[in-house]
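Visitor: As a plain string of letters, each chain reads:
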Amino acid sequence: MDHDRELVDRVIKGDYYAFELLVEKHQGRIYRHLRKMVRDYDVAEDLLQETFLSAYKGLTRFSGNSSFATWLFRIATNAALMFLRKHKPDSIQYDDELKLRARADHAPASPEFADTPLELLLSDEGRRTIEKAIDELPLMYRTVLMLRDVEGFSVREVSKITDSSVSAIKSRLHRARHSVREALNSYYSERNIYARRGATAQ
Amino acid sequence: MFSDYIDGDICEAECSVIEEHLQDCPPCEQLFQSFRASIKMCNEGVSDEIPEKVCERLRIFLRENCREEGT
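So the protein sequences, as listed, match chains P and A. Just so we're aligned, residue 6 is where the first sequence starts under the working numbering, counting upward by one. Just so we're aligned, residue 37 is where the second sequence starts under the working numbering, counting upward by one.
Excised from the complex, chain P in its bound form (with noise of 0.2 Å):
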């Protein structure tokens, strides 16, 4: 038995510490995930403690079919839909005609970003870029790109996170991949013809 399930089991015969465990596992995953789609760090705290609290009130109801945290974000997502769809509906766009940034979708890669080796390209500066170009992702494409290729969650998975088909998330995922892939490539391209003109000015 796995260890989340577990502690859910615990939980449930009425052991709160087990609860606890369980909270301080996956808060700071919840609380990232919860940061990136709302865009607000007091927004973000309030849904935390609101997603826990509804987990609380329905471990009865998860069955096990998915992963205690797929259920959790599925619990996380919506609440941070709900509150969007209340205070900023304009963020919630299904349309997957919806045009992103207009960039070339095979713009030529850049060398400087291509061949960096990763330790590099997670430097503060990078990790300030990728999180700026997640950021710029509209709504329903940042937050399948989120559980896909931040929180490693299967397309499967991601499908029933945010209800929605698996033909959807691949072409929001394929399209967020490439966007997020361009913004890096021109940040790493244009960082680089800085460097150089400052280096052939000297």
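In silico BS3-like links for lysine-lysine, alpha-carbon gap of 27 Å or less: (1) 76(A) - 175(P); (2) 137(P) - 89(A); (3) 62(P) - 18(P); (4) 137(P) - 91(P); (5) 165(P) - 175(P); (6) 165(P) - 76(A); (7) 30(P) - 89(A); (8) 89(A) - 62(P); (9) 137(P) - 76(A); (10) 62(P) - 165(P); (11) 76(A) - 30(P); (12) 93(P) - 165(P); (13) 91(P) - 165(P).
The calculated label-pair distances, taken between Cβ atoms and stated as ranges, are: (14) 56(A) - 137(P): 35 to 41 Å; (15) 140(P) - 57(A): 30 to 36 Å; (16) 19(P) - 64(A): 56 to 62 Å; (17) 47(P) - 56(A): 50 to 56 Å; (18) 44(A) - 123(P): 18 to 24 Å; (19) 69(P) - 62(A): 45 to 51 Å; (20) 99(A) - 45(P): 22 to 28 Å; (21) 100(A) - 123(P): 42 to 48 Å; (22) 47(P) - 51(A): 42 to 48 Å; (23) 65(P) - 53(A): 48 to 54 Å; (24) 18(P) - 52(A): 49 to 55 Å; (25) 96(P) - 84(A): 19 to 25 Å.
Footprint (simulated), chain P over chain A, 3 or more residues, beta carbon under 8 Å: (26) 40-53; (27) 63-76; (28) 79-93.
Hints listed in this document are in silico derivations from the structure and should not be mistaken for laboratory results. Note that CB positions come from ideal geometry on N, CA and C, so glycine has one too.
With chain P held as given, fit chain A onto it using these hints.
Guide: Below, chain A alone, put in the same frame as chain P:
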């Protein structure tokens, strides 16, 4: 197609076609590498750190509200 290829979501025949092409086409190979790099940055570059104060407030909130409700 890079997306499906990276996710292992294509058949062996399509996989071979892509791999052969990448071997012979440096611009596509570089495009693929940049695609893969950006996914890896997503995998590893977004922090899941949560401020201790947020954790503490969550703990207090849940202790106050869960025990009233019961599961």
